[in-house]
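Next come the chains, spelled out residue by residue.
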Amino acid sequence: MKILVAVKRVVDHNVRIRVRPDGTGVETTGVRMSMNPFCKHAVEAAVQMAEAGHTEEVVIVSIGPKPANDVILTALAMGAHRGVLIETDQALETLAIAKLLAKVVDEEKPDLVLLGKQAVDDDSNHVGQMLAALTDRPQATFASAIKLAGDELEVTREVDSGRETIAIPLPAIVTADLRLNTPRNAALPMVMKARAKPLAIRPASELGVDLAPRLKVEKVSPPAERSAGRAVNSVAELAAIIADDVNAMEAI
Amino acid sequence: MSVLLLAELDNGALSASTARVAAAAAQLGPVDLLVAGPRAAADQAATIAGIAKVIHAKEAVLADGLATLLAGLAEAYTVIAAAASTTGKDVMPRLAAKLDVQPVTDIVAIEGATRFVRPIYAGNALETVTDLQAKHVLTFRPSAFRPAASGNAAPIEALDADIVSAARFIAAHRTESDIPDLSTAQIVVGGGVSVGSAEGFKLVEALGRTLGAAIGATRAAVDAGYAPNDWQVGQTGKIIAPDLYIAVGISGALQHLAGIQGAKKIIAINTDAEAPIVKIADVALIGDLFDILPKLTAELEKSGLKR
Numbered sequence: 001m002k003i004l005v006a007v008k009r010v011v012d013h014n015v016r017i018r019v020r021p022d023g024t025g026v027e028t029t030g031v032r033m034s035m036n037p038f039c040k041h042a043v044e045a046a047v048q049m050a051e052a053g054h055t056e057e058v059v060i061v062s063i064g065p066k067p068a069n070d071v072i073l074t075a076l077a078m079g080a081h082r083g084v085l086i087e088t089d090q091a092l093e094t095l096a097i098a099k100l101l102a103k104v105v106d107e108e109k110p111d112l113v114l115l116g117k118q119a120v121d122d123d124s125n126h127v128g129q130m131l132a133a134l135t136d137r138p139q140a141t142f143a144s145a146i147k148l149a150g151d152e153l154e155v156t157r158e159v160d161s162g163r164e165t166i167a168i169p170l171p172a173i174v175t176a177d178l179r180l181n182t183p184r185n186a187a188l189p190m191v192m193k194a195r196a197k198p199l200a201i202r203p204a205s206e207l208g209v210d211l212a213p214r215l216k217v218e219k220v221s222p223p224a225e226r227s228a229g230r231a232v233n234s235v236a237e238l239a240a241i242i243a244d245d246v247n248a249m250e251a252i
Numbered sequence: 253m254s255v256l257l258l259a260e261l262d263n264g265a266l267s268a269s270t271a272r273v274a275a276a277a278a279q280l281g282p283v284d285l286l287v288a289g290p291r292a293a294a295d296q297a298a299t300i301a302g303i304a305k306v307i308h309a310k311e312a313v314l315a316d317g318l319a320t321l322l323a324g325l326a327e328a329y330t331v332i333a334a335a336a337s338t339t340g341k342d343v344m345p346r347l348a349a350k351l352d353v354q355p356v357t358d359i360v361a362i363e364g365a366t367r368f369v370r371p372i373y374a375g376n377a378l379e380t381v382t383d384l385q386a387k388h389v390l391t392f393r394p395s396a397f398r399p400a401a402s403g404n405a406a407p408i409e410a411l412d413a414d415i416v417s418a419a420r421f422i423a424a425h426r427t428e429s430d431i432p433d434l435s436t437a438q439i440v441v442g443g444g445v446s447v448g449s450a451e452g453f454k455l456v457e458a459l460g461r462t463l464g465a466a467i468g469a470t471r472a473a474v475d476a477g478y479a480p481n482d483w484q485v486g487q488t489g490k491i492i493a494p495d496l497y498i499a500v501g502i503s504g505a506l507q508h509l510a511g512i513q514g515a516k517k518i519i520a521i522n523t524d525a526e527a528p529i530v531k532i533a534d535v536a537l538i539g540d541l542f543d544i545l546p547k548l549t550a551e552l553e554k555s556g557l558k559r
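Chains as they are written, first to last, in the numbering used here: chain R, 1 to 252; chain X, 253 to 559.
So here's chain R without its partners, still in its complex pose:
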């Protein structure tokens, strides 16, 4: 089986982001970048399947500017075999990303495509589902467990009501949730070795996809700020506040 994993380079999830004062977006220059956490779970799942002997090749693809090579190298250091960067300096919408990935799926013909369920920058949670539609494959999103059963996958999904298990025939698309696994930190020798693994760079314009945006971003603004209120000193005082609030609520 061959697995393709799509990964995204985003502002590191530990960075407290700053909205640009002119409202054009979130400041990303001079900010630490890293692999989107959900993508790490997808890479880890693929590498574990390779280690279990289910997979011969794990191919990593990322779409973005040249520095996105760094997140591909991270994935190669975790144990993936080969990388492809679809290079573009343009900020792309999720539909364009999914169309580019569909071209890569056409060429690579993986049995399974793994992605993170969402990226922590735009929080879209679109690309896996869109790629599934464009390649006419079944999907299992928000996976917290993946089991190979013959030519099917049994995937446990994290849903609003708890969890559910579905079976999907391969080839398929799966998106990873945080409880899928614990991603490894690659040891230094693996990081060195990753640099020797094949990494192809291709301009996005070469893939024949219309990348023009469909939405116009009018502005990006910070959320309303909350500030500290008052401290109370006793349980009785707090109970009185809660009771007043609850009794004043209009029923809905």
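Don't read these hints as lab results, they were simulated from the structure. Hints are not guaranteed to be accurate.
[Said to hold, decoys possible] Calculated Cβ distances over 12 Å to all of chain R for the following chain X residues:
#	residue
1	Met-253
2	Leu-256
3	Asp-295
4	Thr-299
5	Glu-311
6	Pro-345
7	Pro-407
8	Gly-448
9	Ala-450
10	Lys-454
11	Pro-480
12	Gln-507
13	Ile-512
14	Asp-534
15	Lys-558
[Unchecked claim] Here are the computed distance ranges between Cβ atoms for each label pair:
#	chain 1	residue 1	chain 2	residue 2	range
16	X	Ala-323	R	Leu-148	44 to 54 Å
17	R	Ala-228	X	Ala-304	39 to 49 Å
18	R	Met-192	X	Ser-449	41 to 51 Å
[Stated by the list, open to error] The following residues of chain X were derived to be distant from chain R, with all beta-carbon distances above 10 Å:
#	residue
19	Ala-298
20	Asp-358
21	Asp-412
22	Ile-415
23	Ala-419
24	Val-445
25	Ser-449
Model, not experiment: these values are computed from the prediction. Note that CB positions come from ideal geometry on N, CA and C, so glycine has one too.
With the hints as your guide, set chain X onto chain R.
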């Protein structure tokens, strides 16, 4: 603009989220509501104010089948919408790609027929976009909208199409409880990892029961096994917007704060006066939760709440 809205179901019953997203959708035009589930859910859906017509289809829960069903109906509508629930998130991007539409999802405010506000970076920024396309695929965050009233008697039209899916449903592992639905609850009591054990978490649940509240938990508390995964509140769990949120033993990691930004009032009970949650709470009581919670619950029991 005509709107086709996918009704949100929970285990075959109409979810409280549906009336909320119906209110959002009605701001854009007359709404036809698609119920892919039992007839009783369609009957209930017909009572939601602002619904022009209910389309009742066979039960479907899997993304590919639902997306195909919606795509078959899409031609007659300008807007196809759903709740930003795990179902809506699963289905709507798939539908959008089928229709060659860039979706706008997790909408928290409607500023015009094609102008929408959505949170990015876990709610640490808000993006306002204008959708320039002829057709729109949208999801609305239920907690951001007040529910539509009931009392309507919309006509119900049966749709006989068979729904085909390549995926197969095996089993649901539900957390059975009689507490209110977290994502639409008016009061939520949340517990963090400081409760120390699943036993400790019961103190949080007891306070919740007294208040008729839904129960939330931090990611750390869920990972530690103190609470089920569907109670998780935060960037990767549920986004809540109750009138009152009581955070017990929760320090306030960014991840968790992302899920509670819509709360009208936050009360924090914490040992650490410097905890991030205390800095944003409207009211804080500094102290040991094991000491405070039993007394607080008893005190509220005595006070004769109107719920």
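Here's how the hints hold up against the structure:
no. : hint                                 : verdict
1   : Met-253                              : holds (17 Å)
2   : Leu-256                              : holds (18 Å)
3   : Asp-295                              : holds (21 Å)
4   : Thr-299                              : holds (15 Å)
5   : Glu-311                              : holds (14 Å)
6   : Pro-345                              : violated (4 Å)
7   : Pro-407                              : holds (26 Å)
8   : Gly-448                              : holds (20 Å)
9   : Ala-450                              : holds (16 Å)
10  : Lys-454                              : holds (18 Å)
11  : Pro-480                              : violated (7 Å)
12  : Gln-507                              : violated (8 Å)
13  : Ile-512                              : violated (10 Å)
14  : Asp-534                              : violated (4 Å)
15  : Lys-558                              : violated (5 Å)
16  : Ala-323(X) to Leu-148(R): 44 to 54 Å : violated (30 Å)
17  : Ala-228(R) to Ala-304(X): 39 to 49 Å : holds (47 Å)
18  : Met-192(R) to Ser-449(X): 41 to 51 Å : holds (44 Å)
19  : Ala-298                              : holds (20 Å)
20  : Asp-358                              : violated (7 Å)
21  : Asp-412                              : holds (24 Å)
22  : Ile-415                              : holds (14 Å)
23  : Ala-419                              : violated (5 Å)
24  : Val-445                              : holds (16 Å)
25  : Ser-449                              : holds (20 Å)
Of the hints listed earlier, those the structure fails to meet are numbers 6, 11, 12, 13, 14, 15, 16, 20 and 23, in rising order.
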